[in-house]
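Using the hints, position chain F against chain W.
Number of protein chains: 2
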Amino acid sequence: MADLVKFDEQAKIASVQGALGLRAQIEQVVDAIFEQGYHNICWLGIGGTWASAMQATVHMKERSACEVWAENAAEYLTTGNRRIGTGTVVITSSVTGSTQEVVDAVRKAREAGAIVIGFIDRPETELARMVDHLISYDENEQLKFFMVADRFMKNAGEFDEYDEQYAEFDAHLARALVEVEKRADAFAAEFASKHAEDPIHYFVGAGNQWGATYSYAMCYWEEQLWRKTKSITSGEFFHGMFEIVTKETPVTVYIGEDAQRPLSERVARFLPRITANSTVIDTRDYPLEGISERFRGNISHLVMHAVNNRIDVHMEIETRHPMEIRRYYRQLDY
Amino acid sequence: MADLVKFDEQAKIASVQGALGLRAQIEQVVDAIFEQGYHNICWLGIGGTWASAMQATVHMKERSACEVWAENAAEYLTTGNRRIGTGTVVITSSVTGSTQEVVDAVRKAREAGAIVIGFIDRPETELARMVDHLISYDENEQLKFFMVADRFMKNAGEFDEYDEQYAEFDAHLARALVEVEKRADAFAAEFASKHAEDPIHYFVGAGNQWGATYSYAMCYWEEQLWRKTKSITSGEFFHGMFEIVTKETPVTVYIGEDAQRPLSERVARFLPRITANSTVIDTRDYPLEGISERFRGNISHLVMHAVNNRIDVHMEIETRHPMEIRRYYRQLDY
Chain W
0 MADLVKFDEQ AKIASVQGAL GLRAQIEQVV DAIFEQGYHN ICWLGIGGTW
50 ASAMQATVHM KERSACEVWA ENAAEYLTTG NRRIGTGTVV ITSSVTGSTQ
100 EVVDAVRKAR EAGAIVIGFI DRPETELARM VDHLISYDEN EQLKFFMVAD
150 RFMKNAGEFD EYDEQYAEFD AHLARALVEV EKRADAFAAE FASKHAEDPI
200 HYFVGAGNQW GATYSYAMCY WEEQLWRKTK SITSGEFFHG MFEIVTKETP
250 VTVYIGEDAQ RPLSERVARF LPRITANSTV IDTRDYPLEG ISERFRGNIS
300 HLVMHAVNNR IDVHMEIETR HPMEIRRYYR QLDY
Chain F
0 MADLVKFDEQ AKIASVQGAL GLRAQIEQVV DAIFEQGYHN ICWLGIGGTW
50 ASAMQATVHM KERSACEVWA ENAAEYLTTG NRRIGTGTVV ITSSVTGSTQ
100 EVVDAVRKAR EAGAIVIGFI DRPETELARM VDHLISYDEN EQLKFFMVAD
150 RFMKNAGEFD EYDEQYAEFD AHLARALVEV EKRADAFAAE FASKHAEDPI
200 HYFVGAGNQW GATYSYAMCY WEEQLWRKTK SITSGEFFHG MFEIVTKETP
250 VTVYIGEDAQ RPLSERVARF LPRITANSTV IDTRDYPLEG ISERFRGNIS
300 HLVMHAVNNR IDVHMEIETR HPMEIRRYYR QLDY
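From first to last, the protein sequence lines stand for chains W and F.
Each step along the first sequence adds one to the number in numbering that gives the first Met the number 0, with nothing skipped, and position 192 is 191.
Each step along the second sequence adds one to the number in numbering that gives the first Met the number 0, with nothing skipped, and position 133 is 132.
Bound-form chain W, shown alone (with noise of 0.2 Å):
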């Protein structure tokens, strides 16, 4: 196999593999706020961050009695929310630990009483100051969640294959993910050599995949390549959305592994009688060697993560639109 182009293997795996071993410094932190006592999570996020607190919501829900949800930090700052106060823990996330509406949020959540967890990639940032538990590594910003959720649970005793599952993760993740990368690189290049001048794509995904096919629609073919996309749930897609579809519509299903899976799959299974233009990317079809059955359904979504890498890597050659360049995000006041 010729050299995938943007491709730093050995940076990849480093990166996962550093991702990992934040996991003392996770369970350290979880397992003291456990001990003092809680009553309900709040994943606190906007755009790509709240899309990671919609995943790591619906991965609790499959198996925590605890009140979870996501909270939006815009909705937030004017609804407010008072489920959140003291014994409420707030995880959030921010790569530049700038990103006004989440400073604004965890200062009032902070307020209320919360206690809050926070990964910002920069600890030198006022909102890394801010947070009660700072936890700054670059990027694998739903790997860092699931960790949280998955340590969570483990301590009510709602997630008893947690060290297996670890054990597994820690020795063959990151590998893996790359292998995923691999395989998926001469479809993504089809793929986007078909559909990097749609007039509009449709992206359809559940479960853990549906907050990164929101993320994937706006956070990466609107803001960063510029292209129209329409995202939507499998569940809802048979409500409404789906009498726009005729024979040309592009239209891209992701199936998971998780609870939500025979949602996409009806999705992928209607499809062909409506459109001659549609794509299913399934993450079963790739083969996540040292990952048992048990735990596919659990990083779905980062095999989505990872096909989708290529799909970016190409969908920038095609259109020859480099994905740093925004033209209104950070460049105007707003």
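These are calculated hints, taken from the structure and not from any lab test.
Fair warning: there could be bad hints in the mix.
For chains that are exact copies, the list does not tell them apart, and a pair is met inside one copy or across any two.
Result set (EDC-like, lysine to aspartate or glutamate): computed pairs, CA atoms no more than 20 Å apart in a straight line [unchecked claim]:
| id | residue 1 | residue 2 |
| --- | --- | --- |
| 1 | K5 | D162 |
| 2 | K107 | E61 |
| 3 | K246 | D332 |
| 4 | K181 | D7 |
| 5 | K153 | E34 |
| 6 | K246 | D131 |
| 7 | K153 | E61 |
| 8 | K11 | D120 |
| 9 | K153 | D311 |
| 10 | K181 | D137 |
Below, chain F without anything else, positioned relative to chain W:
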């Protein structure tokens, strides 16, 4: 003023007045549940009902300390939700009584021990027989939901203005809403004429208008008019989506008068800098005679709905697309 097309003023007034007339029945049901005790409130739906569930949720979050959320029926049937059980009040709605996901989700919630209040328009259906408390009356789903929400909050000491608000609504709301339709008609005709052939139309909203914005884009323009749309919350607009807006992009912002108004105002202020094709629909532009300033925010979604009723009528004419027809929904098995 010439008579409005497709506008039966007396029928519209009677419909809203009749829905308000359900209040004695709603109070009886809610008060009985309040006496027994409950610990959380789950608004359950899919598609349009889920959208109404999101609206009831954000309305309650503004005031209530109770755990309240919108549950998507398809997600509940797959991922499940351990927060639904004894002590949970589930509220749902169905016009036909035959939406499969809602039927199955209500069964599952009742098996888990929840009490279900169902607004099922057709009392002879299986779903109507399944719910613990049945209220049958045509349409007005959002108003029904808000009446339940408000009664729970009044009983909990979180909505002291309840009696005063509903005295105003009983006396003036039905008339105020038809006056909105009349006032909106000329604008709606112009809007439909301008936007009927848009390749895609963007709708932005927040607060108790967000569910309505999502539902209007999906259940009306997509499902009933076969027009492409994307909807986005006012807060999320600045976190990705706005990068694809340029001079020609048609974007409509719905501004309500609830706590999230500033989020939508911000979008409305910014849009003219990047598109010459934006529209602002602001509930504040409609007088609502007899309704006090402090209650206007609680019915912003109904004002928006009244404006949209007129847009629908004119879109149907402009597109020559009868809104009753469906390509796929309930036409095919899927």
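A quick look at each hint next to the structure:
1. K5 - D162: Cα proximity of K5 and D162: none, with 34 Å in one copy and 65 Å across.
2. K107 - E61: Classified as between; 15 Å across copies, 29 Å inside a copy.
3. K246 - D332: between (42 Å within a copy, 18 Å between copies)
4. K181 - D7: Within one copy only: 11 Å inside a chain, 63 Å across chains, cut-off 20 Å.
5. K153 - E34: For K153 and E34, the Cα distance is within 20 Å only inside one copy (13 Å; across copies 37 Å).
6. K246 - D131: For K246 and D131, neither the intra-copy (53 Å) nor the inter-copy (44 Å) Cα distance is at most 20 Å.
7. K153 - E61: within (13 Å within a copy, 33 Å between copies)
8. K11 - D120: Answer is within; shortest intra-copy Cα gap is 17 Å, inter-copy 56 Å.
9. K153 - D311: neither (35 Å within a copy, 51 Å between copies)
10. K181 - D137: neither (22 Å within a copy, 56 Å between copies)
In this structure, the hints that do not hold are numbers 1, 6, 9, 10, in rising order.
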